[in-house]
Amino acid sequence: MGHLTSRFVEHIRTWDTPSQVALVIALCLLVVSLFVAALGPDNLRQPSLIGFAGLILVTQVIVMWGNRVMVTPYTKAQRHYMAGEFDDACAILQQLYQQNEADLQAMTLLGNVYRQLGRLDESEHVLREALNEAPSHHFPLYGLGRTLLTQGRYNEAVTKIQQAFEAGAPVVIQFDLFEALYRQGNEDTLRTLIPELKDAAAEAHRRLMFQYILFRLGERTTLDDNLLREGLPHWVASVEVYAHTPYGKVLSEDVVEMQQLTASI
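All residue numbers for the sequence shown refer to numbering that gives the first Met the number 0, where the first residue is 0 and numbers rise by one.
In short, the hints are calculated from the structure, not lab data. Please read these numbers as outputs of a predicted model, since none were measured by experiment. Treat each hint with caution, since some may be false.
DMTMM-like mimics (lysine to aspartate or glutamate), calculated; alpha carbons at most 20 Å apart, straight line [stated by the list, open to error]:
1. 248 <-> 155
2. 248 <-> 120
3. 75 <-> 86
4. 197 <-> 223
Computed spacing ranges between beta-carbons, pair by pair [what the hints assert, rightly or not]:
5. 243 <-> 193: 27 to 35 Å
6. 99 <-> 217: 50 to 58 Å
7. 19 <-> 256: 53 to 61 Å
8. 49 <-> 127: 55 to 63 Å
9. 103 <-> 19: 28 to 36 Å
10. 224 <-> 99: 45 to 53 Å
11. 199 <-> 17: 43 to 51 Å
12. 197 <-> 256: 19 to 27 Å
Cβ coordinates follow ideal geometry from the N, Cα and C atoms, glycine included.
Using the sequences and the hints given, assemble the complete structure.
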């Protein structure tokens with residue numbers, strides 16, 4: 000009960016000021032009406048009870064209104080992650096994890112945040128823990144696949160990303176599978192994906208890597224100028240994060256070549 004009360008108080012602190020003031024007034028009136036109903040004159044007790052019941056409804060409305068923009072810790076962390084604010088996301092998710100309040104989604108997001116920060120061993124550990132809870136869920140399967148890829152463990156990465164796709168992950172992760180197969184050196188399987196991905200939608204950095212691999216395979220003679228400008232910063236940043244891994248070293252060579260192509264535009 001005490002824990003629930005403290006969490007409710009924490010939520011109230013996030014409300015806008017008018018909602019907080021309205022709740023305080025409603026609670027004060029509830030106390031007054033209850034006092035009058037219990038100890039006041041007989042002719043005021045019934046009106047006080049009616050008023051008490053009405054104030055309860057008003058209080059519930061105030062609480063719902065105050066919580067209209069309530070954001071869960073996971074949602075906050077997710078927003079930080081999408082904004083590239085990985086340290087902030089990590090701080091929120093680590094607290095949930097250490098307090099044993101992290102569910103499957105929170106653990107998976109924490110594993111992904113660790114990867115973005117270059118903390119790959121921790122990323123693998125948390126993602127495998129998430130998979131222990133849901134062995135066939137595409138979210139942790141894909142996250143682990145990406146972590147294994149950045150560790151340079153390409154065979155395992157291909158397996159996990161394939162499993163994620165088969166488990167219902169979005170089609171876009173086939174771009175990641177394409178890269179993993181390329182790092183693995185599996186050219187035959189790689190080429191079977193080309194027709195599926197040529198017209199598929201994806202972020203600039205994914206499409207840039209796809210075009211670059213086609214360039215390396217002799218399937219293209221140039222890369223799209225806009226993709227080079229928009230997608231290259233992602234891979235430059237990735238080189239810095241994963242410089243200590245085999246993946247980071249080969250990616251660094253790719254980025255140098257992409258930069259040379261950019262310079263020729």
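- Honestly, which of those hints from before does the structure not fit? none
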